[in-house]
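Construct the complete structure from the given sequences, taking the supplied hints into account.
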Amino acid sequence: MPKSDFILNIGLTGSMLDGPRSEQISLDLACFTPVVKPGDTVLAGDLVAKAKVSGQGDLHSPLAGEVVEISGLSEFSMIIRAKGEGSVEPRDLSQTTGAELKTILAELGIDTTRMPSAKTLIINAMPPEPGILVQEQLLRDYRPFVARGLTAAKSVITPSQVILAGVGVDASAFGSCAVRLLAPVYPNGLDPLVIKAVTGEENPPDFAILSVLELFLIGQAMETGLPCTQTVVTVGDKNVHAMIGTPLKALLDMSNITATERDRVIIGGPLRGETAISLEAGISKDSLAVQVIPHGAFPPVEDNPCLNCGECVLVCPSRILPNMISRTAEFRLYDRARQYGVDACMECGLCGYHCTGRRPLLQYIRLAKKELAAMDLTENPVEKAEAPKCC
Amino acid sequence: MIRPPKTLFTVSCPPHIHCGRTFNGLMLETILALMPAALLAVVTYGFPALRVMALSCSVAVLVEAACWKVMGRPQEVDNFNALLLGLIFSFLLPATAPWWLVTVGSAITIVLGKAIFGGLGGSPLNAALLSWASLHLSWPESMDIELNMLGSSFADPLAQLKHFGVEAVANIPLTDLLLGKQVAGLGVSHILALLVGGLYLLLRGRIRWHMPVSFLTGVLATATLFFLVEPGMHPSPLFHLATGTVIFGAFFLITDPSSSPVGRIPMLAFGFLAGALVMVVRVWGTHPDGVAFAILLANLLTPMLEKLRPKPFGLNISGDNHA
Ligand code: SF4
Ligand code: SF4
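One line per chain: the protein sequences are A and B, in this order. My numbering puts the first sequence at residues 2 to 392. My numbering puts the second sequence at residues 12 to 334.
These aren't lab readings, by the way, just hints derived from the structure by calculation. Take these hints with a grain of salt, some might be off.
To be verified - Here are some of the chain B residues that sit facing chain A, going by a computed Cβ distance under 10 Å: (1) 24; (2) 160; (3) 269; (4) 272.
Given the structure is predicted, the values throughout are model-derived calculations rather than measurements. Even glycine gets a Cβ: it sits at the ideal position worked out from N, Cα and C.
Here it is in structure tokens:
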């Protein structure tokens with residue numbers, strides 16, 4: 002596989018495809034507590050699990066069927082098999098606004114923790130990683146939905162200004178919003194960097210940032226009045242409008258992509274995505290892409306010593322020292338990892354991409370972060386209530 | 012209930028792609044970049060130069076293999092690092108160096124320069140220079156380039172400058188220096204060949220420009236300063252660039268990852284400081300060349316220079332600065 006040039010817009014051809022009609026779907030329960038048990042029958046749109054962090058958006062069954070299994074592949078999934086017909090009644094959202102709308106959106110499966118009341122709202126229209134075409138398609142072909150979502154988001158966030166940031170986006174996109182054009186190169190599409198590009202400040206207060214996909218999902222919920230059970234993912238060079246929980250196998254088959262033993266099946270992009278254990282795993286609302294990277298396409302990660310070449314430091318957008326952080330984490334000196342700035346890491350994955358020693362840098366960084374979070378909790382249990390940002 | 016998956020995929024933390032730059036590749040390409048200078052060394056000094064290089068490389072590889080064995084660590088001598096260190100060390104020696112000197116030096120390079128600090132990336136000092144300095148202090152006569160190369164038809168311009176003053180070197184054409192018509196360590200006198208190798212590494216992205224450029228700037232700026240402040244007392248600044256170990260140092264010594272700092276500002280400061288120190292040693296010190304001592308001294312300052320780093324992203328605003 003060629004060296005990545007990190008160019009973000011690869012040029013989309015064709016229109017969005019309808020997702021495969023799967024007989025069985027698998028919902029990722031990592032951030033949810035199930036409210037149904039195996040054997041229960043559900044209608045399309047029925048609540049099946051509540052978000053562990055309130056406001057993060059609950060989980061609904063995308064199809065009418067029977068809950069066959071909870072746990073399954075790992076502890077964290079729920080398998081529903083299609084059976085029967087029927088769907089929940091749509092809600093009428095045309096008159097709802099503000100705080101009431103926020104509560105309803107969370108009940109419909111939208112992550113409303115990303116919608117605090119703020120002075121400025123940034124629409125992130127940048128593809129977050131190479132090979133993700135969702136933003137491009139939604140802005141080109143589904144603008145009314147996105148605009149509907151924006152109206153709803155505005156009524157919740159009540160911003161005094163809205164800024165659209167992206168590649169080649171035009172000012173007329175959503176009425177009168179300001180536009181900020183960014184260079185289509187990774188990692189420019191990551192939220193913290195988009196915010197910085199737009200405002201000139203790093204982690205400024207009083208900001209909300211929503212991606213085009215998030216707005217589309219809100220718009221979809223507003224338009225249909227139904228829970229969010231459909232999302233958009235890029236598979237190969239096409240976008241697919243698929244049910245959440247659609248197994249990876251169905252998506253890959255549809256695009257004639259095969260994954261064989263020892264390949265990596267990635268949910269998300271090549272720099273930040275997570276690998277799937279099995280093709281039976283399903284996509285979630287924010288998966289964005291499914292990609293297969295063949296075994297042997299890149300030199301493998303190894304447990305090598307850091308030779309202190311400094312390549313990772315040169316590319317780090319967080320301006321921290323991944324070399325020292327990984328070295329300290331190797332020896333469980335997490336306090337020192339903090340001195341080298343591990344908390345500022347935005348997990349872009351660039352350090353690992355460039356590491357001459359092919360060290361698992363992001364893994365060490367995540368380990369250090371996790372251990373530090375645990376240490377903070379034991380030292381200062383008062384913060385416990387606010388602690389679990391994601392579960 | 013956990014079903015074993017039918018097909019086993021690779022599961023790992025992101026990123027899932029890699030730039031393809033590997034350590035072995037880095038070592039091999041650096042060795043390749045040294046080849047033009049090594050070839051010209053053989054052309055100039057004949058068989059003795061080849062002998063010194065071959066002996067130094069072999070001893071380095073054997074000693075490293077032995078070190079890992081004794082230390083009970085996995086054998087990693089096949090990553091070409093020892094080979095490269097042996098070659099770099101041999102470049103600093105006079106072509107006539109006796110076998111015991113080469114053997115002891117090469118062994119010191121590996122044992123004191125690398126293994127004792129735990130291997131790759133651990134040493135705070137440039138291994139080859141550390142060994143060179145130890146030998147220089149222990150057997151000054153054997154390490155003296157001028158003394159050992161009396162039979163050569165060229166002279167060591169830096170020794171001439173030191174002993175006979177600026178008039179002695181005033182008439183050496185710059186092209187002679189560039190083409191290697193000077194006496195220095197066996198591999199370091201062919202300036203053009205080294206430049207070719209250094210540029211190759213730069214263009215391939217194997218080394219970054221910061222340290223070579225700031226080092227050469229440091230030498231040039233300080234030499235110019237001396238040249239202007241005491242007119243008639245110093246040769247032209249370009250003379251200093253083209254003599255001794257400056258060019259070799261710029262591309263192959265200060266760029267040693269282990270002993271140099273990381274980050275743009277520290278790298279620039281490190282290079283410039285080392286460059287300025289070269290001139291300080293050359294003008295005020297007793298040693299004619301100065302590059303080796305300058306870089307070793309700068310190595311010692313690396314931990315301090317690394318404090319010149321920017322604030323982590325976003326931490327300056329939230330007041331959440333742990334650093
Ligand atoms: S993943 Fe690596 S390069 Fe990216 S912000 Fe974190 S430390 Fe820096
Ligand atoms: S890129 Fe890898 S080997 Fe180089 S300094 Fe960073 S962690 Fe160490």
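Results of checking the hints against the structure:
1. Annotation: residue 24 of chain B was flagged as interfacial toward chain A, and the flag holds, the nearest CB pair being 4 Å apart, inside 10 Å.
2. The interface hint given for residue 160 of chain B is violated, since its Cβ lies 35 Å from the closest Cβ of chain A, which is over the 10 Å cut-off.
3. At its closest, the beta carbon of residue 269 of chain B sits 5 Å from a beta carbon of chain A; the interface hint therefore holds under the 10 Å criterion.
4. Interface hint status for residue 272 of chain B: upheld, as the beta-carbon distance to the closest one in chain A is roughly 8 Å, under 10 Å.
The structure is inconsistent with hint 2 alone, although it conforms to all the rest.
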